[in-house]
Amino acid sequence: MSFQVVRTSHAEYFVTDLSRARAFYVDTLGFVLTSEDEEHLYLRGLEDRVHHNLVLTLADHAGAGHVGFRVASPADLDELETLAQHQGLFHQRVRDNTEFGVGDALRVQDPFGFPIEFFYETRAVPWMLQAYDAYHGAAVMRLDHVNYLTPDIGACAAWYQEKLQFQLSEYTVSVENGRDRLWGAWLRRKQTSHDLAIANGAGPRFHHASFIAESQATLLRVADILAAKGAVNHIERGPGRHGTTNAFFLYLRDPDGNRIELFTGDYLAVEPDWQPVRWDLNDPRRATFWGAEAPSRWFNEAMNVYHWDTGEAMAVRAATLPDRPDSVD
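Residue 53 in the UniProt record's numbering is what sits at position 53 of the sequence shown, and the numbering runs on without skipping anything.
What the hints contain is simulated information worked out from the structure, not anything from laboratory work.
Cβ coordinates follow ideal geometry from the N, Cα and C atoms, glycine included.
Hints may contain errors.
Estimated spans, in silico, between C-beta atoms of each pair [as the list claims (entries may be wrong)]:
| no. | residue 1 | residue 2 | range |
| --- | --- | --- | --- |
| 1 | Asp96 | Ala131 | 24 to 30 Å |
| 2 | Gly311 | Pro111 | 15 to 21 Å |
| 3 | Asp96 | Asp27 | 30 to 36 Å |
| 4 | Arg93 | Val175 | 42 to 48 Å |
Generate coordinates for the entire structure from the input sequences, incorporating the hints supplied.
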């Protein structure tokens, strides 16, 4: 097949109060509000030329909706539909503006329970990269990646590589009886460290969506702003630097408990002979090159995902490998 997934383009979160979510994401963190209606906020980054990188959908519960992958041409949707048919996956073609700002799309439930969407067309929006008077908060630039949790880590990572042509940038192994067992995979379509991280854990669950902050300084400024607002409890982990990807990070919880990451400073991955970087799960510099160790809830808690057709939460299965380093309770 000749289709091309370009990048991870948007994510959807469920929130219970749109006004409260707007105050957090737009006023505090620095997302751009593209448009809104009674049930949605459509947000983007200052660098984005797509209509949105995050949809906040009003619901009676928190959680993750779908992940949107942009493809290189409208014809790619036909090829991806054929793939879904051959694999026996739930799939549905939807028309332009079924999701506001997005053209005709293909919705698929991947083999591991994650709802994904492929699209090419998107409504044009003003490019705000040089609208410096609009920069505030973390000055969010764009969506960088999303992170899945699944007990089927090996099969899931293989499917995204073999069927959707993602490339492996880095990986983590759990060493058991001298044998490597895949624990995590950092997969890319664009030319940076990753578009999709897949980690071992109870799932299918959605761990976080990660957004590029303009700089380390603006990422730190968000921490100061939250503290000044008396909202430091929104900070879950960091600031610090990852060993994997080498990026500077800050993990936050929104008012509904949905997790996001602010992220900046990873690397370019363009070499045709790229050798994936191997990490041991218990390497103390793997997840946190420097900074405080992740709290236990960072491993324990994640967002449910839902079936495209029924809207029901996908059943969660336990992990078969250790779901955290030995150093974390």
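Now the hints, each set against the structure:
1. Asp96 <-> Ala131: 24 to 30 Å: holds, 28 Å
2. Gly311 <-> Pro111: 15 to 21 Å: The hinted range 15 to 21 Å holds for Gly311 and Pro111, with Cβ atoms some 20 Å apart.
3. Asp96 <-> Asp27: 30 to 36 Å: holds, 31 Å
4. Arg93 <-> Val175: 42 to 48 Å: Once the Cβ atoms are compared, 44 Å apart, the range 42 to 48 Å for Val175 and Arg93 holds.
Checked against the numbered hints above, the structure breaks none of them.
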